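Enquirer: Sequence:
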Amino acid sequence: MITDLSEQSPFFTRGEVFNYGPVEVPEEGRVSVPYVGEIQVIDRSLAEISSQLDEKLKPISSTAQGSVIRSGRISRTANVIGEVRKPGPVPLERDGINSLDLLSASSGPNGLEHLYKYTLRRGGRDYVFDYQAFRTKPFLVEEEDLLSVTQDTGNRFYVMGSIPRPTIVQFPVPSPTLADALGAAAGLDERRSDPSGIFVFRKGNPDKVYVVNLKDRALSC
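Counting along the sequence shown from 1, when you hit position 60 you're at 51 in my numbering, and nothing is skipped either side.
It should be emphasised that the hints constitute simulated quantities derived from the structure, not laboratory data.
Here are the computed lysine-lysine pairs in the PhoX-like style, where the Cα-Cα straight-line distance is at most 25 Å:
1. K194 to K108
2. K108 to K77
3. K128 to K108
4. K77 to K128
Distance windows between CB atoms, simulated:
5. V119 to P155: 31 to 37 Å
6. E15 to D45: 20 to 26 Å
7. L131 to S153: 47 to 53 Å
8. R116 to D92: 20 to 26 Å
9. R113 to N204: 44 to 50 Å
10. I60 to G152: 54 to 60 Å
11. M151 to G28: 42 to 48 Å
12. R61 to A170: 54 to 60 Å
Since the model is a prediction, treat every value here as computed from it, not as a measurement.
Built from N, CA and C at the ideal position, the CB exists for glycine as well.
With the sequences and hints as input, model every part of the structure.
Expert: Quick look at the structure:
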């Protein structure tokens, strides 16, 4: 178990304990902990293992603290961590459990699903999915998979100019239209705004400016 109150830490779970495991120890006596690496556990006391875990945590987060407990024979599991309602191990009690089943077992994200990104750690490699990819292309879960759910800072846009309040707005829906975006930003300032000149700048091509005329009747067809 790892506790960490730092929001920048990969182990941050909003005050809840980050549980990884139970983990079955292989014959070589080493186990792998996400973001920490391998730890030797055979022929060592729980205190010695906990001490090594704390040492390996220091370069990752100065506020993280770990503890180790002994378990009996365990079932096959995967883990879900991060911004979910019920982080922790998920037993793989049947064949064919996929990524959506795994997310459902954690009761889902703390907020709207499209505002998060989903990172699968498998065999020491990370695979990152946005909401659309995660929802439309579920994959089979393997033992010891780790699914991390974190806020997707790319799912937001900036609104400025002749509006009631310039602000940063999260996507109200997975694929918002211009109307959705303006609605989420409380619309235009009717006294100062010119609906014939709405300018859209995109992060991927900041030098190109899209001009939208909301007075154009063709837009409503």
